[in-house]
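Starting from the known structure of chain A, arrange chain B on it as the hints suggest.
One line per chain: the protein sequences are A and B, in this order. Start counting the first sequence at 1; every next residue gets the next number (this note's numbering). Start counting the second sequence at 151; every next residue gets the next number (this note's numbering).
Hints are computed from structural coordinates only; laboratory data are not their basis. Heads up, the beta-carbon is just placed ideally off N, CA and C, and yes, glycines get one too. Treat the hints loosely; a few may be bogus.
[As the list claims (entries may be wrong)] In silico SDA-like pairs for lysine to any residue, Cα to Cα no more than 25 Å straight-line: (1) B:Lys171 - A:Ala44; (2) B:Lys173 - A:Glu85; (3) B:Lys171 - A:Gly65.
[Unchecked claim] Just a sample of chain B residues kept apart from chain A, beta carbon distances all over 10 Å, derived: (4) Asp228; (5) Ser246; (6) Gly257; (7) Arg259; (8) Asp262; (9) Arg269.
[To be verified] Label pairs and their computed distance ranges (CB to CB): (10) B:Ala165 - A:Val150: 39 to 47 Å; (11) A:Gly114 - B:Arg259: 33 to 41 Å; (12) A:Gly19 - B:Ile234: 24 to 32 Å.
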Amino acid sequence: MSFSLEQLQASVGRAFPGGEYVIEPWRAWLAQDAMLAPTQGDFAQGVEAHPVFVYFAAIGAMGIGWDELFAWFGASAADGPMFGECAVHVEHPLAVGARYRVDGAIVSAERKQGRSGCFDLVGYAFTLTDGAGRIAATCRNSIVFPRRDV
Amino acid sequence: MPIEVGTPIPPFEVAAVSAEKMKTMSALMHDSNPIHFDVQSVRALGMGDRTINQGPSNMAYVINMLAIWAGSYGRVRDFRLRFIGNVFADDALRASGTVTALRREGGHRLADCEVRLDRADGAKVLLGSATVIVDDAMEAAA
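Extracted from the complex, chain A is given alone in its bound form:
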């Protein structure tokens, strides 16, 4: 059964369970090594973390897995969902060792017609709040769901 336009539109505002994410020093070390990133300091508590950790924290603590997110939109990994865009704003640089509260929701959902057929473009956004209660960063992403059956 196809995922209806009404179902798609009703998804806007749906909140993620959210959670907490700690940028563990070992995780910062491994990530920066894997991303060929320059090292800053010795990965001790308080050293600035790579800005991609905004995305890692958001996805890592959104409270559901990818399969469940795809299922919210009547899809699975086999349908070939694709990354659309990632937009990050950093208000206070993330720090190695710090703990962040992650909250997020579906913020947009549109059905579109492209050269390769119908697809749904879904926007989902997160805020990262630090231990002092400040919004440290925001992360807004989009995902593309091909709709071959629409």
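Just chain B now, kept in the frame of chain A:
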């Protein structure tokens, strides 16, 4: 050398994307998609015979370029990147960018930049924009 509109950002180049580092990224991100670590799965999907790099790694190469230029991770304040194409194991890559505007905000001098990541064969991977804090020391060093 002053930083001005049109100033190119020193590029960040990857000589050959490592399949082994993709495995590390899969583990770090709890990413179970086998296209990042299992060549057989990539073949079965008709996507070639090399594993496919994670999107966040591709983003990171662009941010590496910005952080090296600006002097620290904390100076990279915004980035918005659109995923255009895939990167495969052993691909050579080049992240590049240009200053498009300069402004002052919150006591900082900010450079808005157009950024991109391309494969050595010319295929586009990422296109987007970013904002970094710039200062006089950067200009003195340029």
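**Prompt:** Regarding the assertion that Asp262 of chain B does not contact chain A, is the least Cβ-Cβ distance greater than 10 Å?
**Reply:** holds (13 Å)
- prompt: Regarding the pair Lys173 of chain B and Glu85 of chain A, is the alpha-carbon distance no greater than 25 Å?
  reply: Holds, because 23 Å separates the two Cα atoms, which is no more than 25 Å.
- Looking at Arg269 of chain B again, its CB stays over 10 Å from all of chain A? Check passes; 16 Å lies beyond 10 Å.
message = According to the definition I'm using, a residue is off the interface if its beta carbon is farther than 10 Å from all beta carbons of the partner; does Ser246 of chain B meet that for chain A?
response = holds (16 Å)
Legend entry - Minimum Cβ-Cβ distance from Gly257 of chain B to chain A exceeds 10 Å: Non-interface label stands for Gly257 of chain B: nearest chain A Cβ at 14 Å, farther than 10 Å.
Starting from the range 33 to 41 Å, see whether the pair Gly114 of chain A and Arg259 of chain B falls in it by beta-carbon distance. About 40 Å separates the Cβ atoms of Gly114 of chain A and Arg259 of chain B, which means 33 to 41 Å holds.
Beyond 10 Å on every Cβ pair: is that true for Asp228 of chain B relative to chain A? Violated, because the least Cβ-Cβ distance between Asp228 of chain B and chain A comes to about 5 Å, which does not exceed 10 Å.
- Query: Are Lys171 of chain B and Ala44 of chain A close enough, with their CA atoms no more than 25 Å apart?
  - Reply: Holds, at roughly 23 Å.
Whether the CB-CB distance between Gly19 of chain A and Ile234 of chain B falls inside 24 to 32 Å: Since Gly19 of chain A and Ile234 of chain B have Cβ atoms about 31 Å apart, the given range 24 to 32 Å holds.
The hint says 39 to 47 Å between Ala165 of chain B and Val150 of chain A; measuring C-beta to C-beta, is that right? Given about 43 Å between the Cβ atoms, the range holds.
Run the distance test for Lys171 of chain B versus Gly65 of chain A: straight-line Cα separation, threshold 25 Å. holds (22 Å)
Closest CB of chain A to the CB of Arg259 of chain B still more than 10 Å away
Since the minimum Cβ distance to chain A is about 16 Å, Arg259 of chain B lies beyond 10 Å and the statement holds.
Checked against the numbered hints given earlier, the structure breaks only hint 4 and satisfies all the rest.
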